[in-house]
Amino acid sequence: MENTAAKLCGVSYIYSEKTPFEKVAVDGVDVTLEEGMVTGLIGHTGSGKSTVAQMLNGLLRPTSGEVYVLGRNIWENPKDIRRVRFEAGLVFQYPEYQLFEETVARDIAFGPRNMGLPEEEISSRVAEAMAFVGLDASLSEKSPFDLSGGQKRRVALAGVMAMQPKILILDEPAAGLDPRGRDEILSGVVRYKERTGATVVMISHSMEDMARYCDRILVMNDGKPYLYGTPEVVFSEAERLEKVGLSVPQITRLMAELRRRGYPVSASVYTVEAALAEIRKLTGGDRA
Amino acid sequence: MIRDITLGQFFPGHSLLHRADPRIKIILSILYIVLVFLADSVSGYLFLVLFTALLIAISGIPVSTLVKSLKPLLFIVLFTSVINVFWNREGELLVSFWKIAIYTGGVFTAVFMTVRIMMLLLGTGVILTYTTSPIALTDAMERLLSPLKVLHIPVHDFAMMMTIALRFIPTLLEETDKIMNAQKARGADFSTGSLGQRAKALIPVLIPLFISAFRRADELAVAMESRCYRGGKGRTRMTSLHLHALDFVLLFGLALAGAGIVLCNRFVPIYAI
Chain B
1310 MENTAAKLCG VSYIYSEKTP FEKVAVDGVD VTLEEGMVTG LIGHTGSGKS
1360 TVAQMLNGLL RPTSGEVYVL GRNIWENPKD IRRVRFEAGL VFQYPEYQLF
1410 EETVARDIAF GPRNMGLPEE EISSRVAEAM AFVGLDASLS EKSPFDLSGG
1460 QKRRVALAGV MAMQPKILIL DEPAAGLDPR GRDEILSGVV RYKERTGATV
1510 VMISHSMEDM ARYCDRILVM NDGKPYLYGT PEVVFSEAER LEKVGLSVPQ
1560 ITRLMAELRR RGYPVSASVY TVEAALAEIR KLTGGDRA
Chain X
567 MIRDITLGQF FPGHSLLHRA DPRIKIILSI LYIVLVFLAD SVSGYLFLVL
617 FTALLIAISG IPVSTLVKSL KPLLFIVLFT SVINVFWNRE GELLVSFWKI
667 AIYTGGVFTA VFMTVRIMML LLGTGVILTY TTSPIALTDA MERLLSPLKV
717 LHIPVHDFAM MMTIALRFIP TLLEETDKIM NAQKARGADF STGSLGQRAK
767 ALIPVLIPLF ISAFRRADEL AVAMESRCYR GGKGRTRMTS LHLHALDFVL
817 LFGLALAGAG IVLCNRFVPI YAI
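Protein chains in written order, with the numbering used here: chain B, 1310 to 1597; chain X, 567 to 839.
Note that these hints are calculated values from the structure, not bench results. Treat the hints loosely; a few may be bogus.
Reference listing, derived: stretches of chain X covered by chain B, where coverage requires no fewer than 3 residues with Cβ under 8 angstroms from a Cβ of chain B [said to hold, decoys possible]: (1) 600-612; (2) 774-788.
What follows is a list of derived Cβ distance ranges for each label pair [said to hold, decoys possible]: (3) B:E1385 <-> X:S630: 46 to 56 angstroms; (4) B:D1389 <-> X:R764: 11 to 21 angstroms; (5) B:E1546 <-> X:F641: 57 to 67 angstroms; (6) X:P578 <-> B:G1355: 13 to 23 angstroms.
The C-beta atom is built at its ideal place from N, Cα and C for all residues, glycine as well.
Whole structure, please, built from the sequences with the hints as guidance.
Laid out in structure tokens, this is it:
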């Protein structure tokens, strides 16, 4: 139990129960999130990923089943649910639309202030969070609405990081960003994880991001867990992934094609770097 | 959750009332309101209640949903009842103690008012709002009001504004929900504290909401213009409305009910106001 950050036990969630709009979003999920790991959550639209994310920090109360965060059943005392939100910080999709304060620094301070921290602690956390996401300190007095899309997103991310959650949950953190913005956001997440040793849960549609950043991958389909394991395990099931409309990273497909054409490369390659190493081995290592 | 607020009350279904022409349903609900005010005796009211029950049965809307919709009315109903019971001095004296006296007239008026308000809400609800999609509703209003075009009243533009407003209510509610959740995830607390504190807690929700509403308005305007929208002139429709036998049957049914209430008032005036 001691290396478990969060756990879902037989959790189900039904939207608009007992109306014509009733929809089972999550159906009997048992998942354990290991401490200090980056767990990727993938699945088709409507597979229940976002619902799982919102149940992990107590925004949604499961229709049935139990949610444990840091070893505690979070719905044991519903009045205490705010504490869970500081322990398991959730960054929503397109979080830049939640910015509201006059300055970047004050917006980032919203979370820590709600925690009731002293002012000095708040300002040191704000500065720290801005450093995590790579925002220059000179931006702190600017209006968040004057920033670029990628910068806004980083401000929003910093707003959750400033609460220093032990579990950081991100719902498609890189959606709609250009490749550079994407790298900036995701490397911010990695920096936060390395500094604080936090557990990270990341929802994404990009197999490449999953392969690059995740230690564990959970594939969801139709509200149920479909595959779970290390990227090696999950991406070796290319056929099962394709069955639910997902795929393996492009580079893995490339390597499979190379193998098919008779080159002796490894089949379990999921990142461009690993592929490069494989191909270098093939060419004798002097070029490329 | 905020999504439970029913603004557009539309409840999808395939009942006779769902299938009727929305223009006729608007007329029906106006007639129904007249009907409610026609009733002024116990028997008339009984007839009205039975007729409304029949409408509810036809509509197939679950009673629990309807009961829920009555909840916000509780206060008004209680308030008018209390006023009537204590201040209406007609009829015979029922109870009196200290300075308070309750008369039969007060009790009857209170009961009648309560029934009247409830029937108004339920009847127009099942005839119109629960069984007609908001889009069909504005469409029907545009048609019914189109004679006003002669007076240079921009009926189409009003209808379009209504349609857009209705169309965006669920979107904005969803957005509000999302923003509230996002701020809750940062520890915002909307449900405790004094009234002032709670109002202040809404600022982090309202600012992003306004910004996104303006953004959406902008995007929609561009999208409409890029599809050459230029008001109602010369605009045709994908679905045009036609009257069917069912619509005349419903009208006839309501007329019959009106006659029934008048007859009840006239021949069985158990307690007429």
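Going down the list of hints, with the structure as the test:
1. 600-612: Our answer is that it is violated, as 0 residues pass the Cβ test (under 8 angstroms) against chain B, missing three.
2. 774-788: That given contact holds, which follows from 3 residues of the segment 774-788 of chain X lying within Cβ reach (below 8 angstroms) of chain B.
3. B:E1385 <-> X:S630: 46 to 56 angstroms: violated (31 angstroms)
4. B:D1389 <-> X:R764: 11 to 21 angstroms: Holds: the Cβ-Cβ distance is about 20 angstroms, inside 11 to 21 angstroms.
5. B:E1546 <-> X:F641: 57 to 67 angstroms: Check passed, 59 angstroms falls within 57 to 67 angstroms.
6. X:P578 <-> B:G1355: 13 to 23 angstroms: holds (20 angstroms)
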